[in-house]
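Colleague: Just so you know, the sequences run in chain order Z and D. The first sequence maps to residues 1 to 221 in our numbering. The second sequence maps to residues 1001 to 1614 in our numbering.
In case anyone wonders, no lab produced these hints; they're calculated from the structure. Backbone N, C-alpha and C define an ideal beta-carbon position, used for all residues, glycine too. Errors might be hidden in some of the hints.
Claimed, not checked - Below are the DSSO-like pairs computed for lysine-lysine, each with C-alpha atoms no more than 27 angstroms apart in a straight line:
#1 D:K1247 - D:K1211
#2 D:K1014 - Z:K145
#3 D:K1435 - Z:K144
#4 D:K1290 - D:K1211
#5 Z:K33 - D:K1297
#6 D:K1014 - Z:K142
Unchecked claim - Label pairs and their computed distance ranges (CB to CB):
#7 Z:R93 - D:Q1013: 30 to 40 angstroms
#8 Z:E10 - D:L1052: 44 to 54 angstroms
#9 D:P1128 - Z:S161: 55 to 65 angstroms
#10 D:T1491 - Z:D118: 42 to 52 angstroms
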Amino acid sequence: MADRLLFAKEGRARYISHLDLMRTFQRAFARAKIPIKHTEGFHPHPFVSIALPLSVGYGSRCEILEFGLLEGTGREEVPARLNAALPEGITVRECYPAARPIKELAFVDYEAVFDYPDGLTPKAEEALRAILSRESVLVRKKSKKAKTGWTEVDIIPRIKSWQFSRRPGALVLEGVLAAQEPGLNPELIRAALCAECPDLAPDFASFCRREILDGEGKVFR
Amino acid sequence: MDRRLEKILLSVQKPARYTGGEYGAVVKSREQVDTRYAFCFPDTYEIGMSNLGMRILYGVINGMDGVWCERVFAPWGDMEEAMRREGLPLYGLESGDPIAGFDIIGFSLGYEMAYSNVLNMLDLAGIPLRSADRPELTPLVVAGGTCCYDPEPLAPFIDLFVLGEGEEVTPEYICLYRQARDEGWTKEEFLRAAAKIEGIYVPAFYEPVYKEDGTLAEMRVREGSGAPETVRKRIVEDFDHSYFPVKTIIPSTEIVHDRVMLELFRGCIRGCRFCQAGYTYRPVRNRDPKLLAEYGKAACEDSGYQEMTLSSLSSTDYPCLLELCDDLLDYCAPRDIGLSLPSLRADTFSMNLMERLQRVRKGGLTFAPEAGTQRLRDAINKNLREEDLLQSCRTAFSGGWNGVKLYFMLGLPTETDDDVRGIADLARKVYFAWKECTPNKARGVRITVSTSWFVPKAHTAFQWEAQITREEYQRRVDLLRDELKRDKSITYNWHDPETSWLEAVFSRGDRRLADVLEHAWRHGAKMDAWSEYFDLRRWTDALEACGLDGDFYAHRERPRDEVFPWCRVDTMVTPAFLWRERERCYESQTTPDCRTKCSGCGANRLLKGGVCDG
Ligand code: SF4
């Protein structure tokens, strides 16, 4: 049975790419002297796998890393020991045995903050509400598979719920989005806004994964 | 984080190299430090973070109370463009603060092709390029590293150069700077005091006087400056008590040398006549094997690295190598940590050692015979015998290795066409050695021959030599290519000649080249070590605009009594010794290594007892 870490990533650590993040954890386990299972094969290396990798630049409060704890370390010691060995901005919150398969992870709760330093927040909110209330919204998206390099996706069926709030100079969208098969990157909501109302393109958009949920909207671990 | 930076980071390649925040990065509180030091490496993060010297000085400076040293690298083009567009000045990776507000800006100069980045980084920081345009003490712009053995092409931009090893002299000048700042000295007052510290070359106190033909009449010491006639390089005498970065920064993104680097010793006993490092790092100083094993293990534990490399100029010359390898392997093998030696000498490459390394991981095999015939190897004092090389290859091939890289230089003094063809012969003999010894012929073999265009360097036996012309280099490349074209198992690569020519210009350049450098930079030169950016035209245009001839520096043989631009820099290896070595080259005479017999180069005078221990 695999073990899982639940970790948060913020600040400068958001810019570590997926591959680099795996390497960072492998080394952190070694630094913390926590022996973990290795892959088999010609070049065995410590096995770690991060579920639903985030885009570079996104923050998170809950990402899951799967690995196999070898005997000798209690799960309860893992977070503190790893945290002392990790770079700034990555915090392990929990270590626990995996109980449910990752495929039951159905939804992700994101917070997207759109900056409008020039007071366009109300207009942007209005426009976004209109977009998200439609039956279908097609957004162009880069695709490795498509011949043209682009494909179109309908974002609406992949959005479970949304709500808006405001901060000084910024519009905050809280949305529960499909996690996989296929998941929705909240960046596409920004892309939809920019495509429809170029004047309302936010000055800057930041994204944070706040929670992961199962099919019933309950917290997934 | 700065919002401008956050915005930029999403639009550039590999943003993690611009964020800092890695494990082991030193973060101090701004309120608790009085001196901020920007350690600038004029190349990318991946290259700079792989530099052991940088890690050593970072540790040394941050070990000082009240001083905070941060890292700064040259941003890649996309990042630079974005920074300029957003008005984001160059910042320290640890704090994110603009370095223009720092006390000391220190550049590490390892190769001439990084010079344009020095200017570009100063400009990105918003700091005036020329020392004369920075009348205040702060920020003080300093430079160290092997290029400083000929500091002249950068002289107008740098307030002071550090010659030799920086571990001890760096805290000395930082302390002097603090005193000067706190007591309100002028920059001139500070520089005069700094020039009295051994190892510090203040270029403003030396004035080049040229003859009509463009050579130097003298490097005049400025009257009343109190600067010494010559500046002696610094060394760390006791290598057992010098700082080693056991605990160091572990990048969160991949760098070039992503592993523990264990420095066994400084210096080199060999005396290859072309090698600047070999002469300038004299005399050799070994570290205790027990201490090294401790360092190596501790560094693995603290880093989590799965690879360790023994890094010194010629690691197989370390007197206790087998003992050390055994010690390290006892630790590494059960933990699957790979141990490698980057520089192997074929003649000491024993079966024994190879079997030891094989216990863990098989790296590629690399040898640098430098020249194709014994005659020429003797002439350059590369004490490597063909039979030893072949024997080492046989051993390796029998052990299952199936790839060898061989490095050579073309254009070495006294080289003839026979020597060039000798490279092909040697490569073929290596191939036959494989055929004879391999347990698995079906797998095939990869033999790679690489040649570079020899660049004569200051402070070597060849400092008087002319670099062969480009046409001649190309002719020799063609000759060798022709020789090797029928050998399917041998791949031939040759180094891009354009950068080697520019390197030859700058590595023995004088102060007039500073204008060339600035001109080239103003016309877009940067990242010249990268083919994506390098453009020779920019440099030939700049030379022309400044009325200078590059070939004067690259292709001119100097007479014995030439006054060199670096004549005020004293490595303690005497010019008389270097000249003697040059003469022995023309006689194809070798000189024994320092362990076999001292040849009286003069470097022993750097040691208290006056005797090198080899
Ligand atoms: S003084 Fe002698 S032993 Fe010492 S570095 Fe020079 S040649 Fe070698």
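Colleague: Take the hints in turn and mark each one as holding or not.
Modeller: Hints, one by one, checked against the model:
1. D:K1247 - D:K1211: violated (52 angstroms)
2. D:K1014 - Z:K145: It holds: about 24 angstroms lies between the C-alpha atoms, which stays within 27 angstroms.
3. D:K1435 - Z:K144: violated (45 angstroms)
4. D:K1290 - D:K1211: This hinted pair is violated, its Cα atoms lying about 55 angstroms apart.
5. Z:K33 - D:K1297: holds (13 angstroms)
6. D:K1014 - Z:K142: The hint holds at about 19 angstroms.
7. Z:R93 - D:Q1013: 30 to 40 angstroms: holds (31 angstroms)
8. Z:E10 - D:L1052: 44 to 54 angstroms: violated (32 angstroms)
9. D:P1128 - Z:S161: 55 to 65 angstroms: Holds, since P1128 (chain D) and S161 (chain Z) (Cβ atoms, about 57 angstroms apart) stay within the stated range.
10. D:T1491 - Z:D118: 42 to 52 angstroms: violated (60 angstroms)
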